[in-house]
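In numbering that gives the first Met the number 0, the protein residues as written are 0 to 438.
Hints may be right or wrong, so weigh each one.
[Claimed, not checked] In silico EDC-like pairs for lysine to aspartate or glutamate, Cα to Cα no more than 20 Å straight-line: (1) LYS131 with ASP414; (2) LYS137 with ASP356; (3) LYS166 with GLU289; (4) LYS97 with ASP212; (5) LYS37 with GLU115; (6) LYS183 with GLU15; (7) LYS235 with GLU289; (8) LYS124 with GLU7; (9) LYS124 with GLU318; (10) LYS125 with ASP414; (11) LYS156 with ASP280; (12) LYS166 with ASP200; (13) LYS95 with GLU215; (14) LYS95 with GLU7; (15) LYS137 with ASP150; (16) LYS131 with GLU349; (17) LYS14 with GLU336; (18) LYS156 with GLU141; (19) LYS325 with GLU360; (20) LYS14 with ASP150; (21) LYS125 with GLU318; (22) LYS70 with GLU49; (23) LYS187 with GLU88; (24) LYS125 with GLU289; (25) LYS187 with GLU312; (26) LYS42 with GLU69; (27) LYS436 with GLU144; (28) LYS152 with ASP280; (29) LYS262 with ASP251; (30) LYS124 with GLU312; (31) LYS137 with ASP414.
[Unchecked claim] Simulated restraints on C-beta separations: (32) SER357 with SER416: 20 to 28 Å; (33) GLN218 with GLU44: 35 to 43 Å; (34) GLU118 with LEU40: 44 to 52 Å; (35) GLU144 with LYS14: 49 to 57 Å; (36) PHE28 with LYS70: 39 to 47 Å; (37) GLU61 with LEU40: 30 to 38 Å; (38) ILE30 with GLU118: 32 to 40 Å.
No wet-lab data here; the hints were simulated from the structure.
We treat Cβ as the ideally placed atom computed from N, Cα and C, and that holds for glycine.
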Amino acid sequence: MLDIKFIEENKETVKEAAALKKIDIDVDFLIELNGRRKDLLKKVENLRAERNQNIEQVKKLEKGDSSGKEKFVEKGKKIKEQLKKVEEEYRKVDQKFKELLLIVPNIPSEDTPRGESDEDNVEIKKWGEIPKFDFPIKSHMELGEDLDIIDLKIGAKVSGFRGYYLKNEAVLLHFGVLWYALNKLIQKGFTPFIPPTLVNDFALFGSGHFPFDEDEVYQISNPGKIASGEEITNPKYLVGTAEPSLLAYYSDKVFKEKDLPIKACGISQCYRSEVGSYGKDVKGLYRIHEFMKAEQIVICKADIDESNGYLEEMRKLSEEILQELKLPYRVLSICTEDMGAGKYKMYDIETWMPARDSYGETHSDSNLTNWQTRRLNIKYQKEDGQREYAFALNNTAIASPRILVAILENYQQKDGSVTVPEVLKPYLGGKSSIIRKQT
RNA sequence: GGAGGGAUGCGCCGAAUGGUAAGGCACUCGCUUGGAAAGCGAGCGGGCUUUCUGCCCUUGCAGGUUCGAGUCCUGUUCCCUCCGCCA
Numbered sequence: 000m001l002d003i004k005f006i007e008e009n010k011e012t013v014k015e016a017a018a019l020k021k022i023d024i025d026v027d028f029l030i031e032l033n034g035r036r037k038d039l040l041k042k043v044e045n046l047r048a049e050r051n052q053n054i055e056q057v058k059k060l061e062k063g064d065s066s067g068k069e070k071f072v073e074k075g076k077k078i079k080e081q082l083k084k085v086e087e088e089y090r091k092v093d094q095k096f097k098e099l100l101l102i103v104p105n106i107p108s109e110d111t112p113r114g115e116s117d118e119d120n121v122e123i124k125k126w127g128e129i130p131k132f133d134f135p136i137k138s139h140m141e142l143g144e145d146l147d148i149i150d151l152k153i154g155a156k157v158s159g160f161r162g163y164y165l166k167n168e169a170v171l172l173h174f175g176v177l178w179y180a181l182n183k184l185i186q187k188g189f190t191p192f193i194p195p196t197l198v199n200d201f202a203l204f205g206s207g208h209f210p211f212d213e214d215e216v217y218q219i220s221n222p223g224k225i226a227s228g229e230e231i232t233n234p235k236y237l238v239g240t241a242e243p244s245l246l247a248y249y250s251d252k253v254f255k256e257k258d259l260p261i262k263a264c265g266i267s268q269c270y271r272s273e274v275g276s277y278g279k280d281v282k283g284l285y286r287i288h289e290f291m292k293a294e295q296i297v298i299c300k301a302d303i304d305e306s307n308g309y310l311e312e313m314r315k316l317s318e319e320i321l322q323e324l325k326l327p328y329r330v331l332s333i334c335t336e337d338m339g340a341g342k343y344k345m346y347d348i349e350t351w352m353p354a355r356d357s358y359g360e361t362h363s364d365s366n367l368t369n370w371q372t373r374r375l376n377i378k379y380q381k382e383d384g385q386r387e388y389a390f391a392l393n394n395t396a397i398a399s400p401r402i403l404v405a406i407l408e409n410y411q412q413k414d415g416s417v418t419v420p421e422v423l424k425p426y427l428g429g430k431s432s433i434i435r436k437q438t
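Make the full structure from the sequences, and use the hints.
The following block contains the structure:
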């Protein structure tokens, strides 16, 4: 969310940002609506002032002899009627105004590539050698089935399309890689959380997942209530990432400047409906409805340079994880239309996935400046006593089992076994450092 | 699931027979001081309008009654206590 005053003063910049991000918002109408809102607000306030004065009159007369009181009581009734009408009108305009304000995008940074799709993202870095195999390689699906560590068939039977089971060593690898990443984050000063994954809507409006990606989020409700025809008053939602829960932890908070930055991380189950992705990545563990992720957030002072510093810091951390896992990757600077509405600047990291014969997205690192904190009311008090909205950033440390696609495929051996990345060995609970078919 | 109690100024506590939301602590700044504490003064939620300020909103949330609601009524969320069920 942007400040309406900023929008009014920088109309053309906002229009340009909306055009770049292909977001359909009539900025002129929004500003006009704000004018109407303010006019109505003035009317409401004037009537309230009149009402308050009238109340004083009645009160005064009741203290003395109460003659003439009736006149003011009658007047009060009239004011009440008028007020009801004007307030109703104001509420309508204000609601529409707020709805529109929620979809005004953040202004992308100057150095964000201008572009229309993921094809316009700019590769800024490549790391690692693409492995060459002197044998026919297997996909992670084949490896998973042959080694009896992934079961997609029964996964689909039990959970439906995109369902899966991890078994045996895949379970250890999955938890191992998450646990390894979490330890690294804690070491780097991020406070660990297990956040709720079942949340109220405000958390998702706060992060900006609502109203944009409403279809992507699973809604949970009490089916009994629906069956009885009763309306669901407090729907809950399953988060697609720990980000909304972590940010909402700090909602309505006023930090002291010296207490910033806040660095937090969370491991959580993540749920995604993947509507709109039908027919895309339909096989294997790449695109699934539920997975786990170690996510980081930073809340810092409202300073572009400082916040971009944290963006780089978190990117480096993700890179460090991939380097230690010895997985080849590349870093992309995400273009305007491929980045979300709330983002100021964004990087993706794609990891080499041999069976795809390409890089696949595994990490995402974003600076959203104050676009989320304004929605969530996260401020800090500056030295001079002034309060200002903080900046917020978020980053993927590791997401599994998607990362297992890269690990299994890159580490596969000619005999069909898979070796275990060196850094994960301590996490495999005494199991062999090589995953072989059980006999 | 049932019964009862509670939520007040965006840090904490806390008062208010239906009639201007007291007061205290903490915090920030200033005065004072060799320095600090204490003391004194100012500030310490949001909006509209303005540069003199003025007005409006803000007692968990949403409605209702009333000239007027923190207070009365209805619904609801969360917390606490007890009972029941339960991993």
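A quick look at each hint next to the structure:
With a CA separation close to 15 Å, the supplied pair LYS131 and ASP414 stays within the 20 Å bound. Annotation: proposed proximity of LYS137 to ASP356 holds, straight-line Cα distance about 11 Å (limit 20 Å). Between LYS166 and GLU289 the alpha-carbon distance is near 16 Å, which keeps this suggested pair within the 20 Å criterion. Pair hint LYS97 plus ASP212 holds up; C-alpha atoms about 18 Å apart against a cutoff of 20 Å.
Only pairs whose Cα atoms come within 20 Å are accepted, and LYS37 paired with GLU115 is rejected, the gap being roughly 37 Å. Distance check on the hinted pair: LYS183 and GLU15 sit about 40 Å apart at the alpha-carbon level, beyond 20 Å; violated. A threshold of 20 Å between alpha carbons decides the hint, and for LYS235 with GLU289 the separation of about 17 Å falls inside it, so the pair holds. Between the alpha carbons of LYS124 and GLU7 the distance comes to roughly 38 Å, so the proposed pair goes past 20 Å and is violated.
At roughly 11 Å between alpha-carbon atoms, LYS124 and GLU318 fall within 20 Å of each other, so this suggested pair holds. For a cut-off of 20 Å, the pair hint linking LYS125 to ASP414 is broken: about 30 Å separates their Cα positions. Restraint check for LYS156 and ASP280: satisfied, since their Cα atoms lie roughly 19 Å apart, inside the 20 Å limit. Our distance criterion of 20 Å between C-alpha atoms is broken by LYS166 and ASP200, whose separation comes to about 34 Å.
Between the alpha carbons of LYS95 and GLU215 the distance comes to roughly 23 Å, so the proposed pair goes past 20 Å and is violated. As the CA atoms of LYS95 and GLU7 are separated by approximately 17 Å, the hinted pair is consistent with the 20 Å bound. Of the pairs offered as hints, the one joining LYS137 and ASP150 holds, with about 16 Å between alpha carbons and a cut-off of 20 Å not exceeded. Proximity of LYS131 to GLU349 is assessed by CA-CA distance (about 18 Å); at most 20 Å being required, the pair is judged to hold.
Taken as a hint, the LYS14 and GLU336 pair is honoured in the structure, with Cα atoms around 14 Å apart against an allowance of 20 Å. Pair hint LYS156 plus GLU141 holds up; C-alpha atoms about 18 Å apart against a cutoff of 20 Å. Only pairs whose Cα atoms come within 20 Å are accepted, and LYS325 paired with GLU360 is accepted, the gap being roughly 16 Å. Distance restraint check for LYS14 and ASP150: the Cα-Cα separation of roughly 49 Å exceeds the 20 Å cut-off, and the hinted pair is therefore not satisfied.
Distance restraint check for LYS125 and GLU318: the Cα-Cα separation of roughly 10 Å lies within the 20 Å cut-off, and the hinted pair is therefore satisfied. Annotation: proposed proximity of LYS70 to GLU49 holds, straight-line Cα distance about 14 Å (limit 20 Å). For a cut-off of 20 Å, the pair hint linking LYS187 to GLU88 is broken: about 52 Å separates their Cα positions. A C-alpha spacing of about 29 Å is found between LYS125 and GLU289, which places the hinted pair above 20 Å, so the restraint is violated.
Taking the CA atoms of LYS187 and GLU312, the gap is near 10 Å; set against the 20 Å cutoff, the hint holds. A threshold of 20 Å between alpha carbons decides the hint, and for LYS42 with GLU69 the separation of about 25 Å lies outside it, so the pair is violated. Restraint check for LYS436 and GLU144: satisfied, since their Cα atoms lie roughly 10 Å apart, inside the 20 Å limit. Restraint check: the Cα-Cα separation between LYS152 and ASP280 comes to about 16 Å, which is no more than 20 Å; the hinted pair holds.
As the CA atoms of LYS262 and ASP251 are separated by approximately 17 Å, the hinted pair is consistent with the 20 Å bound. At most 20 Å may separate the alpha-carbon atoms for a hinted pair to count; LYS124 and GLU312 meet this at roughly 15 Å. Between the alpha carbons of LYS137 and ASP414 the distance comes to roughly 11 Å, so the proposed pair stays at or under 20 Å and holds. Taking 20 to 28 Å as the suggested C-beta distance range, the pair SER357 and SER416 conforms, at roughly 24 Å.
Range check, GLN218 to GLU44: Cβ separation about 38 Å, and the 35 to 43 Å hint holds. Checked against the hint of 44 to 52 Å, the C-beta distance between GLU118 and LEU40 comes to roughly 46 Å, which is consistent with it. At roughly 52 Å, the beta-carbon separation of GLU144 and LYS14 lies within the given 49 to 57 Å, and the hint holds. Between PHE28 and LYS70 the CB atoms are about 44 Å apart, so this pair conforms to the stated range of 39 to 47 Å.
Separated by about 31 Å at the C-beta atoms, GLU61 and LEU40 satisfy the suggested range of 30 to 38 Å. About 34 Å separates the C-beta atoms of ILE30 and GLU118, a value consistent with the hinted range of 32 to 40 Å.
This entry does not satisfy hints 5, 6, 8, 10, 12, 13, 20, 23, 24 and 26, going by the numbered hints stated previously.
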